[in-house]
Structures are given as structure tokens and as C-alpha cells.
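Using the sequences plus the hints, can you model the full thing?
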Amino acid sequence: ETGVTQTPRHLVMGMTNKKSLKCEQHLGHNAMYWYKQSAKKPLELMFVYSLEERVENNSVPSRFSPECPNSSHLFLHLHTLQPEDSALYLCASSQDWSRELFFGEGSRLTVL
Amino acid sequence: KNEVEQSPQNLTAQEGEFITINCSYSVGISALHWLQQHPGGGIVSLFMLSSGKKKHGRLIATINIQEKHSSLHITASHPRDSAVYICAARRVTSYDKVIFGPGTSLSVIP
Chain X
1 ETGVTQTPRH
11 LVMGMTNKKS
21 LKCEQHLGHN
31 AMYWYKQSAK
41 KPLELMFVYS
51 LEERVENNSV
61 PSRFSPECPN
71 SSHLFLHLHT
81 LQPEDSALYL
91 CASSQDWSRE
101 LFFGEGSRLT
111 VL
Chain U
1001 KNEVEQSPQN
1011 LTAQEGEFIT
1021 INCSYSVGIS
1031 ALHWLQQHPG
1041 GGIVSLFMLS
1051 SGKKKHGRLI
1061 ATINIQEKHS
1071 SLHITASHPR
1081 DSAVYICAAR
1091 RVTSYDKVIF
1101 GPGTSLSVIP
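If you read the sequences in order, they're chains X and U. If you count the first sequence from 1, position 52 lands on 52 in my numbering, and the numbers rise without skipping. My numbering runs 1000 ahead of the 1-based position in the second sequence.
Hints are computed from structural coordinates only; laboratory data are not their basis. Careful, some of the hints might be misleading.
To be verified - Below, in silico cross-link-like pairs of lysine-lysine (DSSO-like), each with a Cα-Cα straight-line distance of 27 Å or less:
no.	chain 1	residue 1	chain 2	residue 2
1	X	K36	U	K1097
2	U	K1068	X	K41
3	U	K1053	X	K22
4	X	K22	U	K1097
5	U	K1097	X	K40
Next comes the structure, spelled out in C-alpha cells:
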């Protein structure tokens, strides 16, 4: 138990579906992150939120839409995804930029 | 060329062996992370270091800032150490962006 919880752990969706990934951290951290891990590739930073304000959008397609309603919750809204978006999506949190990252277990997404 | 590289890419060891995984980076950093990812996908932070050496149980991490190189050592390896080990460089930017290496897949055989 790392204090960062992601749901769902597995998700299968069609290209026309709309779904959301949820991340919740119980550590009192002030920064939260979405990462994408595709097969055989390093983790890629997607979005960073600091104090609920987005500070990084790493050239991510608009079919991925993040939301951070408060410092404990982070969502990734998914719509009209492509099969190449199938990957493991990992949420992480930290206290300030320079501190250790705490990761969730990940949400494995399959787009049919 | 990736900004963070790791070697070897894959490693198989016998239980009890001493293991070394290497990481080299080409950017200015404020800190370097070593992470462990198990087959289920979850990632655990092992170390964050900016100089010298850190030890936790059977794990030792070292960093040489001048040579831009870090190593992760596992002493008396055990099958439960089988995982992917990821090196990540915390880049010096306005918000300390982290760049991940490709990972080293370790398998420890009984």
C-alpha cells in the first residue's frame, strides 16, 4: 500500500466510448502526475498538477483530458481513443517538485 | 540517443549472486531515482539520491555526479528481487521534470 490508489485496475473500451481513470492519494501531497507506459518504452510524463493547477501538458492528444478537483484526486477522462493508446497509465504524487514520487498500481487500458 | 540509459537491458542471476545495474544520463540533474516495478505494474521508489551512496537492506545505490553515472547493487539476490528496475533523472527545470530510463528486467533464479 503506497497511499496512492488507482481505479479501475483494468479497463477495456471501444474507440467510441467515454471512460475515466481515477487516482486518489492519502499522503497529503501537493503535486500529482499522470504517466503512460507503453510496451517496451520508458514511462512518459503526460500531465502534472501542482496545487490543483496544471503545470505540464506534455504534447498529449486532446482525447486525453485531465481533471484535478482537489489536491487528493486526479482524473484522466478518455474519449474516442485509438488502439495505440492501449497502455498502463500510472498516477503518482509527491510533496513538492523535488521530493520522492509515490506511484499507484496503475490502470491497464485496452482500446479495441 | 535517450537522455537516460540503462545497462544491461535484461539480466538473469542465480539466487545469492551480487547484482549491478548501471544508469547513465546526459542532462543536468538535481536528483536521481531508482524505482522497482513488479509484474503487476505498480512502481515502488527505492532510492532518491543526489550524491554519494545510500543503503537500504540488501540494496545499495551510488551516484557519481561528475561522470553522470549511477549504479544499483543488490547483494545476496533472491527470487523476490525479480522485477524491472528503472532509473529516473530529476532534471533541473522550473518544475524538476523527471526523465525515465528504459528499465532493466531482472530475473533471479532459485
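Let me make sure I understand: some of the numbered hints might not hold for this structure. Which ones are they, in numerical order?
Structure breaks hint 3 only.
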